[in-house]
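S.K.: So you can see what is in the structure, the chains are spelled out below.
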Amino acid sequence: MKNDTNNNSAEVLRDKKAREEKMRAYLQEKKGLLKLFLILFGAIALLSLITLLLTLLTDVVYVHNTAMTEDGGREVSVGGIAFLQALFTGNFTSASYDDIAVPFYMYAKDYCSPAAIMTLFSVILLGLTLILSLLGILFAVKKQNYSFSLLSTVFAALSFILNIVLLSIALSMKNGNILSTYCGGNPACSIRSDMVWCLILSLLMLGCGVYATVRFLQLKKKRRQIS
Amino acid sequence: MKRFWGYFIPTLAMIFVLLPLSGCGAENYDLNEATFFRVMSNMLYYPEQYLGKSISLDCFVYEIDDVQTGEHFTCGVRKCSSGYGCTCGNDTIIGFILDYDGNIPAAKNQSEDTSDKAWIHISGGLVDAEKSYVNVYSYQNGEKTDKIEQIYFYRFAVSSLEEIDGSSLNYYVTK
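Residue numbers (the numbering used here), protein chains in the order written: chain D, 1 to 227; chain C, 228 to 402.
To be clear, the hints were calculated from the coordinates, so they are not data collected in a lab.
Being a predicted model, the structure only gives us computed values, none of them experimental.
Note that the Cβ used here is the ideal one computed from N, Cα and C, for glycine as well.
Some hints could be false.
What the hints assert, rightly or not - In silico contact screen, one side only, chain D against chain C (beta carbon under 10 Å); selected entries:
1) E70
2) V76
3) T93
4) A95
5) V102
6) P103
7) M106
8) N175
What the hints assert, rightly or not - Below, a list of computed lysine-lysine pairs in the DSS-like style, where the Cα atoms sit at most 30 Å apart:
9) C:K358 x D:K109
10) D:K109 x D:K30
11) C:K402 x D:K109
12) C:K306 x D:K109
13) C:K402 x D:K174
Said to hold, decoys possible - Derived CB-CB ranges, DEER-like:
14) C:E390 x D:V196: 47 to 53 Å
15) D:G72 x C:G369: 24 to 30 Å
16) C:E298 x D:L57: 45 to 51 Å
17) C:G369 x D:V165: 44 to 50 Å
18) C:D328 x D:I124: 52 to 58 Å
19) C:E298 x D:W197: 51 to 57 Å
20) D:I39 x C:L278: 57 to 63 Å
21) D:I124 x C:E389: 47 to 53 Å
22) C:E370 x D:V165: 45 to 51 Å
23) D:I124 x C:A356: 36 to 42 Å
24) D:I124 x C:D293: 51 to 57 Å
Working from the sequences, and respecting the hints, build out all of it.
M.R.: Quick look at the structure:
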């Protein structure tokens, strides 16, 4: 009887010790996760800022002509800012907004409004991703609250999807009459887009967010197991 | 946090208001070396938006005869390419047929590859959005051919014209 009691208390002690050990490991991991969050969401903030600037300042769509030596072969182009200006003013025929009027609106009219709308959504989503990732870092450090960080992962995913749509619309302009009419069927002419770089960056952003989320969920599962 | 949103929302609102305003309100077009080709190309496709607007530009005098009707036109033009990239196709001209009551200087070296031409600064506006077609012999690799092609211009009502020194101007324009 006495032996049984001794065995039980030893088992309880062992359990307690094991739980304490697990808790210590958990807290260590939690600390590590916070560091990881700072790095990953810092990277997301930086990547979303770069992607945002690239969306605004580089060419959403351009006609590349290998026969041209100037401007890296970019014969005509429309940047993100020009698309937004055209969208806000409702004027796609102005000469003030890069080359949007000719040839893009002239020969690929149906694609210009969707491209402008997607550019706007993309800019808004990237801006929100940037803000949420910064808030995520702030809340994770100050209040151990990870909800903003996880929300920014959702926005990073949406940005990635929008970037795919924007790139598809931009490249679909080859189905308009730009190449056959404006380029006179010249095989040296092709439709290209700098949004490829934005897509790569937003994929990296999404990767960071997904990795952070997976690590967070793993830790949460461990916490549940301990308690 | 409240402070952050206090700054963020007005900044966002300002961007959304200023962005559209930054490109509109262009009532007058004063074409320069940087804008000449783009605005002139735009005008060929969308003349309506230039009607009633004041336009000023530097160009050289170019006299041209319709090879089929014999009609004579005095134009204010610059040279460019008919092809993509404005450097890859055959040379052509881009400009206006001038409607002017005063004296227009005679064309000088109009087809030569030199800046020594009869340069003028003109102000005025489009007469209408109707294209005037002129039949000319086409050129292939700088050589005149027997083939006839049509080039078109808009008529420009000149309100003021002055002769200028065009030595610093590009007689051949690209984008």
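S.K.: Hint by hint, note whether the structure agrees.
M.R.: Right, here's what the structure says about each hint:
1. E70: This hint holds: E70 of chain D lies near chain C, its Cβ roughly 8 Å from the closest one there, short of 10 Å.
2. V76: holds (7 Å)
3. T93: At about 4 Å, which falls below the 10 Å cut-off, the nearest Cβ of chain C leaves the hint on T93 of chain D intact, so it holds.
4. A95: holds (4 Å)
5. V102: holds (5 Å)
6. P103: holds (9 Å)
7. M106: The hint holds - M106 of chain D has a Cβ within 10 Å of chain C, the shortest such distance being about 5 Å.
8. N175: violated (18 Å)
9. C:K358 x D:K109: The given pair, whose Cα atoms are some 23 Å apart, holds under the 30 Å limit.
10. D:K109 x D:K30: violated (53 Å)
11. C:K402 x D:K109: It holds: about 21 Å lies between the C-alpha atoms, which stays within 30 Å.
12. C:K306 x D:K109: holds (29 Å)
13. C:K402 x D:K174: holds (21 Å)
14. C:E390 x D:V196: 47 to 53 Å: holds (51 Å)
15. D:G72 x C:G369: 24 to 30 Å: Since G72 of chain D and G369 of chain C have Cβ atoms about 28 Å apart, the given range 24 to 30 Å holds.
16. C:E298 x D:L57: 45 to 51 Å: Holds, at about 49 Å.
17. C:G369 x D:V165: 44 to 50 Å: holds (47 Å)
18. C:D328 x D:I124: 52 to 58 Å: Given range 52 to 58 Å: holds, Cβ gap about 55 Å.
19. C:E298 x D:W197: 51 to 57 Å: Since the Cβ atoms of E298 of chain C and W197 of chain D sit about 53 Å apart, the hinted range of 51 to 57 Å holds.
20. D:I39 x C:L278: 57 to 63 Å: The hinted range 57 to 63 Å holds for I39 of chain D and L278 of chain C, with Cβ atoms some 59 Å apart.
21. D:I124 x C:E389: 47 to 53 Å: holds (50 Å)
22. C:E370 x D:V165: 45 to 51 Å: For E370 of chain C and V165 of chain D the Cβ distance comes to about 49 Å; the hint holds.
23. D:I124 x C:A356: 36 to 42 Å: holds (38 Å)
24. D:I124 x C:D293: 51 to 57 Å: Because 55 Å falls inside the window, the suggested range holds.
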